[in-house]
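Could you slot chain B onto chain A? The hints should help.
Now for the letters of each chain:
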Amino acid sequence: MNKKFVLGIYDDEDVLLTAIENIRAAGTKIYDVFSPYPVHGIDDVLGIKRSRLPIVAFFGGLFGMSFALWMQIWMMGFDWPMIIGGKPHIALPSFIPVTFELTVLVSAFSMVITFFIVSKLKPSLKVNVFDKRSTDDKFVMAIEVKDGVTNMTALNDLLRSNGAIEVNEKEVVK
Amino acid sequence: MQHVSPIREPLVTGGKTYHDITEDVCRQVEAKPNARWAAALAVALVGLAIFIYSVYRTLWYGIGEWGLNKTVGWAWDITNFVWWVGIGHAGTLISAILLLFRQKWRTSINRAAEAMTIFAVICAAMFPVLHMGRPWLAYWVLPLPNTFGSLWVNFNSPLLWDVFAISTYFSVSLVFWYIGLIPDFATIRDRATGPIARRAYAFLSFGWTGSAKAWSRYETVSLILAGLATPLVLSVHTIVSMDFATSVIPGWHTTIFPPYFVAGAIFSGFAMVLTLMIITRKVFFLENYITLEHVESMNKVIILTGSIVGIAYTTEFFIAWYSGVEYEQYAFINRAFGPYWWAYWSMMTCNVITPQLFWFRKIRRSLTATFIISIFVNIGMWFERFVIIVTSLHRDFLPSSWAMFSPTIIDIGVYVGTIGLFFTLFLLFAKFFPVVNMAEVKAILKSSSEVKHHHGAAATMHATDKDLNSNTHRNE
Chain A
1 MNKKFVLGIY
11 DDEDVLLTAI
21 ENIRAAGTKI
31 YDVFSPYPVH
41 GIDDVLGIKR
51 SRLPIVAFFG
61 GLFGMSFALW
71 MQIWMMGFDW
81 PMIIGGKPHI
91 ALPSFIPVTF
101 ELTVLVSAFS
111 MVITFFIVSK
121 LKPSLKVNVF
131 DKRSTDDKFV
141 MAIEVKDGVT
151 NMTALNDLLR
161 SNGAIEVNEK
171 EVVK
Chain B
175 MQHVSPIREP
185 LVTGGKTYHD
195 ITEDVCRQVE
205 AKPNARWAAA
215 LAVALVGLAI
225 FIYSVYRTLW
235 YGIGEWGLNK
245 TVGWAWDITN
255 FVWWVGIGHA
265 GTLISAILLL
275 FRQKWRTSIN
285 RAAEAMTIFA
295 VICAAMFPVL
305 HMGRPWLAYW
315 VLPLPNTFGS
325 LWVNFNSPLL
335 WDVFAISTYF
345 SVSLVFWYIG
355 LIPDFATIRD
365 RATGPIARRA
375 YAFLSFGWTG
385 SAKAWSRYET
395 VSLILAGLAT
405 PLVLSVHTIV
415 SMDFATSVIP
425 GWHTTIFPPY
435 FVAGAIFSGF
445 AMVLTLMIIT
455 RKVFFLENYI
465 TLEHVESMNK
475 VIILTGSIVG
485 IAYTTEFFIA
495 WYSGVEYEQY
505 AFINRAFGPY
515 WWAYWSMMTC
525 NVITPQLFWF
535 RKIRRSLTAT
545 FIISIFVNIG
555 MWFERFVIIV
565 TSLHRDFLPS
575 SWAMFSPTII
585 DIGVYVGTIG
595 LFFTLFLLFA
605 KFFPVVNMAE
615 VKAILKSSSE
625 VKHHHGAAAT
635 MHATDKDLNS
645 NTHRNE
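Chains as they are written, first to last, in our numbering: chain A, 1 to 174; chain B, 175 to 650.
Because the hints were derived from the structure by calculation, they are not lab data. Take the hints with a grain of salt, since some may be wrong.
[What the hints assert, rightly or not] Restricting the straight-line Cα-Cα distance to at most 20 angstroms, the calculated cross-link-like pairs of lysine to aspartate or glutamate (DMTMM-like) are: (1) A:Lys49 / B:Glu197; (2) B:Lys620 / A:Asp137; (3) A:Lys132 / B:Glu204; (4) A:Lys132 / A:Glu169; (5) B:Lys387 / A:Asp137; (6) B:Lys620 / A:Asp136; (7) B:Lys387 / A:Asp12; (8) B:Lys620 / A:Asp14; (9) B:Lys387 / A:Asp136; (10) B:Lys387 / A:Asp44; (11) B:Lys387 / A:Asp131; (12) B:Lys620 / A:Asp12; (13) B:Lys387 / A:Asp32; (14) B:Lys387 / A:Asp14; (15) B:Lys620 / A:Asp43; (16) A:Lys132 / B:Glu197.
The following block holds chain A by itself, in its conformation from the complex:
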């Protein structure tokens, strides 16, 4: 299925933010916005919900901590107990450093791997960039159009009256 998009190109983040607000208020659905850097405040105007990745990090950390404690208690206390330095078999204060490190490790990796999966980031040669300038100095707003449904002239006017410096069309072959 081919998808057609209209791309509004902006060159200023403040103009872009106002434009997003106005365009959404006009009832046009924005497919996505591509920018060379994280634009602060874009989440609110685009209606992007807060990421739930911190929750993944929390549970990852919880798992790492429980695993580390279980591992050390089982190995040192039950599987092969030995007296080391006159300490009890299960010497919890000695276990804190490893527990802490594994908490951080599992927390960080579970979050990062989830981030890669949900954002569909993976090593690949295929690149689907709407406009290559969006990784350099332009902000690209993509709006999906449906043949015969979308009024192209009106859309063009809407984008331009909201500060787009260019309006392009792009077809994506799936």
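Chain B alone, transformed into the frame defined by chain A:
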């Protein structure tokens, strides 16, 4: 919108635009290697060759190639290990702690500083692994079933804590660094002209498009990683210091070690960042991004941490006397006035006296003075570890076993070799990776650059239909 005080110095000078940032940072990556870079790499490769030869000798003939003896069983190897790990700490401090403190000046130096962290930890890891004598059995430090090795590893040992701390630190720093690199790789990919470069950077960029949702997640991930890396970096040098502090050797068995080591680590790390950045900004023409303001900010961190280190030295001495423990007192008298007095006073001069010169604004903002002092700090911090380790060991409880340590040529070779390894990695990084985080510098450009750009929306407001470009592209 944030308010930025007008008296605050700009972080990006020269009236740059977003596109200028891309050009300035990508220039180095896209251009053919220049002669200066090639010459530097040649020198670094000589260092690497020395490293390979010294490692070969160490592995083939054994640890006897080093100058260790029965009394001083730990010397240059652990000194170098602690020195390198400490240097790494500045990178994490800049990228994580300064992110949590919302210090915008971190943006143009965090990339190179984090790269430094990763390479420094690689160099550090060489020493304990080589000191194992049989590094091919290095996996025995992992908790493997006891039928595999002998029993379980000992979770009460700080050396084992180190294994977990250093490997966690390395992997988390690597991931943090790489996530920051992804958007910049995408920028290089979208500019690349050659098929090899385009494919290589496409592969490295993980298909990044810069969509709003991805950026939102990127920021969340960066913040949480910063939150995790902050206690992590503090834990790493704390645990390194426990290698000494949990033993009962006079001069090592002190509770002051963790904070004192962490401050020392940040101190030496910032010195190394300055050494590297003063050269990098010059060679790659990044003076508008790494400004005197950046240098001055780093010098302020150096005064703070240098003073903490100075207070720690004094406190240690006082407590040794105040404890009333004969052995502890002797260890410290011996440190300052014994046969290794020169090492102690080199340490005091380089670490306590020289950084105090940064109280003068002129010196703080002088590149030459900063460069020289940063080298002094690097030397001083190496001596600090040498002093702590060797002077505490060489005269133990039994005078009949007192000994001196002198390094062999192989000791020197391994140490100089890791410097070669470090610079080889750093130079390759500087050539093929963007040394400044373009995306983050662009993000602060509007609020913190010298000339404010207001691209008028008004000019494009009345454009007409005929501007509608219908250059329909087709993706494969």
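Against the structure, the hints:
| no. | hint | verdict |
| --- | --- | --- |
| 1 | A:Lys49 / B:Glu197 | violated, 34 angstroms |
| 2 | B:Lys620 / A:Asp137 | holds, 12 angstroms |
| 3 | A:Lys132 / B:Glu204 | holds, 17 angstroms |
| 4 | A:Lys132 / A:Glu169 | holds, 14 angstroms |
| 5 | B:Lys387 / A:Asp137 | holds, 18 angstroms |
| 6 | B:Lys620 / A:Asp136 | holds, 15 angstroms |
| 7 | B:Lys387 / A:Asp12 | holds, 19 angstroms |
| 8 | B:Lys620 / A:Asp14 | holds, 10 angstroms |
| 9 | B:Lys387 / A:Asp136 | holds, 18 angstroms |
| 10 | B:Lys387 / A:Asp44 | holds, 11 angstroms |
| 11 | B:Lys387 / A:Asp131 | holds, 17 angstroms |
| 12 | B:Lys620 / A:Asp12 | holds, 9 angstroms |
| 13 | B:Lys387 / A:Asp32 | holds, 8 angstroms |
| 14 | B:Lys387 / A:Asp14 | holds, 18 angstroms |
| 15 | B:Lys620 / A:Asp43 | holds, 19 angstroms |
| 16 | A:Lys132 / B:Glu197 | holds, 14 angstroms |
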